[in-house]
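Assemble the dimeric complex from its two separately framed chains, guided by the hints.
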Amino acid sequence: MLNTNKIKRRDYEIITTMIHNDSTVLDLGCGDGSLLQHLTKERNVSGYGVEKDHRNVLASLSNGVNVIQSDLEQGLSGFADSAFDYVILSLTLQAVHETETIMNEMLRVGSEVIVTFPNFGLWRHRVQIFLGQTPISKELPHQWYDTPNVHVLTINDFEKYCSNHDVCIRERIVISENGQMVTTLPNLLGAVAIYRFNKG
Amino acid sequence: MISSVGDVQPQTLNFEEPLLLKCGESISKYELTFETYGTLNTEKTNAVLVCHALNASHHVAGTYNGDEKTLGWWDNLIGPGKPLDTDRFFVIGVNNLGGCHGSTGPSAINPVTNEPWGSAFPMVTVEDWVETQARLATKLGIGTFAAVMGGSLGGMQALQWTIDQPDRLKNAVIVAAAPKLSAQNIAFNEVARQAITLDNQFFEGDFYQHKVIPRNGLKIARMIGHITYLSDDTMDVKFGRALRKDALKFNFDTDFQIESYLRYQGDKFADTFDANTYLRITKALDYFDPAAKFSGNLADSLRNAKANYLVISFTSDWRFSPGRSEEIVEALVANKLNVSYAEIDSPNGHDAFLMDEPVYHNLISAYFERIWDEVRNA
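If you're matching them up, the sequences are chains A and B in order.
Our numbering puts the first residue of the first sequence at 99, with every later residue one more than the last.
Our numbering puts the first residue of the second sequence at 207, with every later residue one more than the last.
These aren't lab readings, by the way, just hints derived from the structure by calculation.
Careful: at least some of the hints might be erroneous.
Quick partial rundown of chain A residues pointing at chain B, CB under 8 Å, derived from the structure [as the list claims (entries may be wrong)]:
1. Ser144
2. Val155
3. Leu156
4. Leu159
5. Phe177
Capping the alpha-carbon separation at 16 Å, the derived lysine to aspartate or glutamate pairs in EDC-like fashion look like this [what the hints assert, rightly or not]:
6. B/Lys542 x A/Asp120
7. B/Lys542 x A/Asp183
8. B/Lys386 x B/Asp506
No residue lacks a Cβ here, since even glycine has one placed at the ideal position from N, Cα and C.
Looking at chain B on its own, in the form it has when it is part of the complex (with noise of 0.2 Å):
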């Protein structure tokens, strides 16, 4: 690691103020987990917003307590000299409404039962995140943000921050997102939730009375979620055929590396994720669709924007492929707004927005130099 923002800590900000949700429903008060990278400049013009995606947190950057393994998972891209440089921004990554690092969400106590919200959490759309971080944001007294930035569904945050708040961002930075589901997405998703809630340690999503969690259900969706987010050609370089053993075992133990390595992955998010939240974000994700107003049309969902956008794709991802995010390009075109794309040629999937790729870092260093430069000009 060359450099890195070091240890960090969490921090967490009270909301009293009624959110109204795009369901219909609305939450009395809650709370919002976030961490922050830099030092904010007196104008507060330097402030970059990265959104995260479905298993993610608020943890962007650096480390707790000097431990390597708690790496935050967009280190490689955030941190002094990085392509995002906290020596010139000042960044914030913050935990999602109905998340579960913190930030308020379904395993979290609601102060009216003093029970965990479960099943009684509302659902939470991207629309109802823009509008939470942007709560966040004017507590921390930043006006506009000079960026807001993320991959995957954290890019549709991005994507909807320009069409909610267009005057309070000046950039985009869209990563291997797409403007909405196809069937084929939300039918992954589908598989996911039937798993956890099929599982029958669920109870209707109220199982932390039972002290237990659907833990086989959560696995299975997660490996699930992990597919997808993997090319065929990694998986055939990473794993290929290999067999953990010599010899085939003739039973349904783990013959092959790759349900060993798919296990372990399940396993471990199992542990660390709750599974009301794993439902409503894919939720959120089958949901996002800024079009819908507009009869479809993506470009007149823009009309509004004002922004300046960075899309990048990544030839392998077949979970957003890049003509997902032509699409978006196309409409910003369509509205005459400045925008950049680039298709990454790269052989590891959607997680390709994840790692440190010389030609996409890159990119993102020299959009980040112009934004700089209008920060330093402005």
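The shape of chain A in the complex, shown without the other chains (with noise of 0.2 Å):
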């Protein structure tokens, strides 16, 4: 099985395959900036982090990247309409309250927005759940008291959302617990899904 960080690398590695070189991207949360460092090695991207935590923009400054300190609960006020290739929100998701503003403003400051989110419905959760334990996996490490995430969503919850409100997936990959790709039965053996969607 793979640790969270394990996850973190290949959940980059998949959001890379889907990104242009040359492209502007916006990450969203972008905590240490490294996944901007790892598009800009890889994709020769440009762009900025969005922040909240003054650490996290001190480890963005110090790796080279562009940060802006703001709270993206608050919306992205300061980025014009289409301003970036991409939009990522890159395991997050499931943390955000504002999920609609949130969802609308990416899709409003991207041409596409990558997301991606460890998967509640993956088989583990769900045995945990059905002998009465809050679930907690490598994808959801932390206990019910502790955790910072307040929307947990399956890969269906999320694909329902998307045909609701007029979102149009342009595609998805889905990995498993141990980073493989998961092609059948992908809201049971899924672990993490990342999404590349726009405006439908």
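Printed below as a string of structure tokens:
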């Protein structure tokens, strides 16, 4: 099974395959800027990270990444419509409060949006719920009382949201707990889902 | 104090090439007083210009004659091993034209009349300062600055540098600034100016001949300014309603500590600052508006800019609030320029930019670490 860092790295690898060379990127919740750093190296992208936490702002700055300190829950009013080729939200969707606002803002600012999230529908999570416990896994490592996650979701949930909100899914990659591509029963076997989409 | 550049000496250079000012007048010759810290490398790529704000001068770091009381105004940030490390960078502080700390200004002798310039000294603007600073750089053999940096009005100069001299700087560090003053900002400046010009010792700006200074006006101007540099919370923590004596006096002397503090600050300032300079610098602030020529569109004013930017604001700064810095950032992003922005959580109001706050100084350190990599790898 992958650990949290390996999931992150696998996530970055798959995001990289979705991104064209020389494109512009806005990375929401950019952490220490490592995804942007990776994309700059592999795809020669330019762009900005958005980050709320001052320690991550410092880390991103030290990593040579453009970082803008802002709370993405407040929206992306500092960015013009279609300002970026891609807006990325990596492994964070389940932790945001204003989900619809952020989804709309990402679709406004980016020509395309890439979102990745841990799939709550993974069989291991289902088993834990069946046994009467809040699921804990490598993808969802927190206890119920200290989790930043407020809107855990499944692959089916997300796709239903997209069809109800006129969001057009362009590409979906689902990976298992060991990082392999999942093609059958993704909502049961998928640990992380990676979507590329835009306005329908 | 961990380390300092130690004792420093100001220098002065003469400029004989006439300078056409934005106001339409021109100055045929002038002097600029400046200080430098650190060593200019042989490639001349490690120079950093530090622009000063309303009340400061070219004396950015170090001391005069070993006297700790003469410590430069940004000494906590600039020196050996400090965030702007003078072991790596050649740092220049310059007293702006129109100033009162050595550079030609209203209190200097006008060579045409052999009298102090006084009211005859023209209005100077941020654009004029950038031009004179660029001329100074040329005289010092510096083609391109590794960075131009400033807080408040100094940050506005750094921003203007990237507009007017895009090929002559690599980075701009803009702290606690705004892309233009708000009506409230101008209002405070106007009250300060009225305090000075209505002082009966002002003599329309030609008080030097009368051997007086508009002391009360300057004092009040400084008191007003000082209030806008602090946050409500800072004042409450520092002074609250503390009294100077045990009981209220029921007269108009100073009852509260804050009154006494403001009077002290005002007196100290009136002893060292020129009233005509204060009037002109507040006007330079009011006039600063790079977007004006572009129908108010700041992004358009930055179309030719090339620099990389670090923009910093402070949460409790109500003089130039974080929103004002965000206007700058937005315009930079609209031009796809490299910019990083941090809003520092600080209770210290506008003055926070002068303070030794770890989160703030760590960011400056990290940014200058990047600049140092650029200098080394060039």
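Structure-based check of each hint:
1. Ser144: holds, 7 Å
2. Val155: For A/Val155, the interface hint holds, since the closest Cβ of chain B sits about 5 Å away, which is under 8 Å.
3. Leu156: With Cβ-Cβ at 6 Å, under 8 Å, it holds.
4. Leu159: holds, 5 Å
5. Phe177: Cβ of A/Phe177 sits 6 Å from chain B, so the hint holds.
6. B/Lys542 x A/Asp120: Given that 16 Å is the threshold and the Cα spacing comes to 13 Å, the pair holds.
7. B/Lys542 x A/Asp183: Holds: B/Lys542 and A/Asp183 sit about 12 Å apart, inside 16 Å.
8. B/Lys386 x B/Asp506: Satisfied, since the Cα-Cα distance of roughly 15 Å is no more than 16 Å.
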